[in-house]
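**Student:** Taken in sequence, the protein lines are chains R and G.
Per the working numbering, the first sequence starts with residue 1, numbered consecutively.
Per the working numbering, the second sequence starts with residue 112, numbered consecutively.
Treat each hint with caution, since some may be false.
[Said to hold, decoys possible] Capping the alpha-carbon separation at 16 Å, the derived lysine to aspartate or glutamate pairs in EDC-like fashion look like this:
#1 R:106 - G:149
#2 R:52 - R:42
#3 G:120 - R:42
#4 R:103 - G:170
Quick caveat, the hints were computed from the structure, so don't treat them as lab data.
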Amino acid sequence: GDSVTQMEGPVTLSEEAFLTINCTYTATGYPSLFWYVQYPGEGLQLLLKATKADDKGSNKGFEATYRKETTSFHLEKGSVQVSDSAVYFCALKGSQGNLIFGKGTKLSVKP
Amino acid sequence: NAGVTQTPKFQVLKTGQSMTLQCAQDMNHNSMYWYRQDPGMGLRLIYYSASEGTTDKGEVPNGYNVSRLNKREFSLRLESAAPSQTSVYFCASSEMTGGNNQPQHFGDGTRLSIL
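Model the full structure from these sequences, guided by the hints.
**Tutor:** As structure tokens, then:
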């Protein structure tokens, strides 16, 4: 079945460091891909999405490119801030319309 | 904009008690979902409702029932709570099941502890 694998955390970075969170997927066809972010005590918020191969999703300085050849959707940000500290989830749209999530990666950014 | 509203936010139950978690959305979405979030497991789908009047099982439906009361509301019921159901429960909604590129909108979650 469809699945998502993302790098395990926690990830600790200093402010202004470069961020990469790896995400790979297994799926039939070419599902839409998403990154969600969860701040402490809150629900999940959509960060960015890509709906077809080579699409680049971007938002708030974060980017991810849908790579069909490597079945990947890695999240990147050039300069992280303390306010980016959160848990990040990679997900794909399943055949039932539901989201299939990775296990999440906790990011802590130190000043 | 309320979006997806879940009640209650916190609840403690004893083993064997029953409870209904409520979810309502004001975005006129057709599809609604219930997930549970456990440490190191990500979110897993319990049940979903593609449209008003329909419900289907997800990955982990055992021990739960759902009701799609109307287009706005989708409730999750634990008939006889067990400690294994201690989790954070999230409700979500989206435009339609077949819309592959439509994101889901999440509520803030219900933190449920079963003693």
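**Student:** Next, verify each hint and record whether it holds.
**Tutor:** Hint check results:
Among the hinted pairs, residue 106 of chain R with residue 149 of chain G is consistent with the structure: their alpha-carbon atoms are about 14 Å apart, no more than 16 Å. For the hint pairing residue 52 of chain R with residue 42 of chain R, the CA-to-CA distance comes to about 29 Å; that exceeds 16 Å, so the pair is violated. Restraint check for residue 120 of chain G and residue 42 of chain R: the C-alpha separation of about 10 Å stays at or below 16 Å, so the hint holds. This hinted pair checks out: residue 103 of chain R and residue 170 of chain G have alpha carbons roughly 15 Å apart, not beyond 16 Å.
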